[in-house]
Amino acid sequence: MRQSERSAVGEPSFPYGQRRAGIMQGVRRYGLFYLLLAPTFLFAIAFYYYPLLSGIYHSFTYWDIKRTVWVGLDNYARLFADPATAAAWRNMALIVGSQMIVVLTFPLLGAALVHHVRRGQYWWRVAFVLPIVVPATVIVFVWRWFYGVDGGINYLLRLVGMEELTRAWLGDPATALWAIIFVGFPWVAGLNFLIYLAALQSIPEEVLDAARVDGATALRTFFQIELPMIRPQMSLLLMLTIIYYLRSFDAPLIMTNGGPGTTGTLVPGLQMYRSIRDELDLGYGSAIGTLLFGVLLAVSLLNLAIRQRLEKTV
Amino acid sequence: MKRLHRRAGQWVIQLVLLMLAFITFAPLVTLLSLSVKDIYQFNVAPMGLTFPMRFENYTLAWKFMAEPIWHNILVATVATLASLSMASISAFVFARFRFPGRDLLFFAIMILLFIPNTVLLVPTYQLIISFSLQNTLWALILPYCALQALAIVVLRTFFLEMPDELFDAAIVDGASVVQQFTAIAAPLAKPVIGAMAIFQVWVIWNDYAWPSLVANAPQARTAALALIVFNDFTMPAPGAGMAAGVLAALPMLVLFFATMRTFIAGLTAGAIKG
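Here the protein sequences come in this chain order: A and B.
First residue of the first sequence? That's 1 in this note's numbering, and the numbers climb one at a time after it.
First residue of the second sequence? That's 1 in this note's numbering, and the numbers climb one at a time after it.
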């Protein structure tokens with residue numbers, strides 16, 4: 001029996017005596033547990049629960065560092081009337097959509113190849129993990145240089161005589177957003193790759209052996225056996241990708257600050273960030289944050305519901 | 001015939017992997033090569049190696065980056081040690097003991113996984129400002145200490161799976177809760193705690209938006225931030241700017257090669273949460 005079962009209320013328990021506990025003894029018996037949990041909860045309250053409630057409350061106020069004035073739905077009215085909001089959500093939808101396609105293709109291809117390669121599998125794996133270790137800011141910084149007017153891409157284009165294609169990739173409204181989406185191409189090296197690889201490697205040998213005896217080709221084995229077996233990981237990664245790109249804004253912040261123009265590569269997270277940094281309008285920022293949180297929560301709950309339904313039908 | 005077929009397949013795999021790796025590493029290799037160019041080499045031949053290599057770029061970059069990198073190491077170490085100490089003892093209490101409200105409290109921790117820090121940016125910023133912690137390292141350390149939910153959930157599962165027999169002798173000897181944790185549970189959980197710690201360090205090292213809001217002054221600047229400030233505001237020789245990028249990445253690379261297995265385990269565990 002588990003110790004946790006044993007020390008259930010009213011049952012004899014070690015090490016705090018074997019009699020039914022009185023109130024004082026109850027405090028002595030359990031107090032220690034609460035005391036040990038206290039630091040965790042202190043931080044959870046200070047940096048999760050309080051900010052969450054404060055953000056929701058202040059989204060209905062005018063809020064700067066000095067004062068708070070109740071303004072009802074003004075921030076939300078302003079947010080929904082602001083053309084920048086629509087542009088930000090449109091940009092974000094494009095990024096999320098593209099990354100959904102990316103996560104189901106390139107890292108999976110990389111993982112499948114590394115899983116099936118016979119020579120140097122270990123080193124291939126290390127090679128595709130290594131770039132994850134390089135801080136994202138450094139990666140974005142290098143890509144920013146590549147996209148520059150005198151950057152790597154234009155240099156290569158000039159080198160092969162395609163001068164007319166050169167441009168300021170991040171300054172041109174036609175290419176800026178796509179340039180940001182393309183950061184990290186071919187998107188193999190990453191956490192997604194690791195998850196796919198772990199999933200592929202955990203497929204039991206017997207399943208694959210059966211297919212081999214039947215004389216199935218490698219490609220058929222992949223599509224008919226391996227792919228269906230890692231479907232849970234695919235849907236998990238799809239979900240995590242959606243949630244991640246709904247809120248992330250480091251690349252636009254570092255590369256374009258939301259430009260060209262005011263909304264070329266603006267996303268909701270960056271819109272929120274700018275409401276603090278540029279305008280110190282914390283109430284407006286809170287409204288964006290609250291909206292973003294609501295959407296994220298809805299997506300997470302939808303995901304849970306879908307998964308539960310899938311489990312029932314299977 | 002079939003063997004020939006399979007061997008050809010292996011060649012194709014190697015070739016595609018080689019291509020993918022080439023494109024993956026091209027930007028990083030370019031960063032390295034740019035970091036040793038003087039301004040003339042930088043403008044005329046940005047791709048590929050040029051000689052002589054200008055290692056003095058690194059001297060210049062180091063002057064700007066040394067302090068921020070030290071800030072990063074300090075913040076990541078202190079915050080990770082603190083958050084994992086709190087998280088692992090909480091996970092132990094959640095896993096091995098029963099007390100009123102336990103499941104509710106654990107649920108309260110679990111739902112933190114669904115609250116991305118990004119959406120709390122504004123109120124957390126106000127919190128830091130109202131305690132006048134902006135532009136101190138505390139503005140980074142304190143919020144990072146709150147990153148505990150994932151470690152608690154992972155470690156709780158680990159502690160739940162430990163057999164009771166491990167603890168029986170200690171309990172008979174009258175070992176306290178804390179003694180059971182420090183003498184038995186924690187040592188066995190070391191690999192898991194290590195993996196979570198590395199994931200934490202990685203997350204902290206990668207953060208850009210939060211430090212750029214509350215720690216954008218020389219006395220608290222982190223490496224990622226300093227890299228951008230160095231390049232965009234101090235207008236160094238372009239090669240030195242690139243050298244700063246290499247320097248910002250270096251400590252994590254060292255950590256990776258020193259703890260490869262744990263590092264990969266930590267990333268994999270952390271990735272599931274995202």
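Because the hints were derived from the structure by calculation, they are not lab data.
C-beta atoms are modelled at their ideal positions from N, C-alpha and C, and glycine is treated no differently.
Treat the hints loosely; a few may be bogus.
A few chain A residues facing chain B, derived, Cβ under 8 Å [claimed, not checked]: (1) I153; (2) Y155; (3) L157; (4) Q201; (5) S202; (6) P204; (7) E205; (8) Y273.
Listed below are several chain A residues computed to face chain B (Cβ distance under 7 Å; list not exhaustive) [said to hold, decoys possible]: (9) F33; (10) L35; (11) T40; (12) V129; (13) V142; (14) T166; (15) A198.
Status of each hint after checking the structure:
{"no.": "1", "hint": "I153", "verdict": "violated (10 Å)"}
{"no.": "2", "hint": "Y155", "verdict": "holds (5 Å)"}
{"no.": "3", "hint": "L157", "verdict": "violated (12 Å)"}
{"no.": "4", "hint": "Q201", "verdict": "violated (11 Å)"}
{"no.": "5", "hint": "S202", "verdict": "violated (12 Å)"}
{"no.": "6", "hint": "P204", "verdict": "violated (19 Å)"}
{"no.": "7", "hint": "E205", "verdict": "violated (18 Å)"}
{"no.": "8", "hint": "Y273", "verdict": "holds (6 Å)"}
{"no.": "9", "hint": "F33", "verdict": "holds (5 Å)"}
{"no.": "10", "hint": "L35", "verdict": "violated (10 Å)"}
{"no.": "11", "hint": "T40", "verdict": "holds (4 Å)"}
{"no.": "12", "hint": "V129", "verdict": "holds (6 Å)"}
{"no.": "13", "hint": "V142", "verdict": "holds (5 Å)"}
{"no.": "14", "hint": "T166", "verdict": "violated (14 Å)"}
{"no.": "15", "hint": "A198", "verdict": "holds (6 Å)"}
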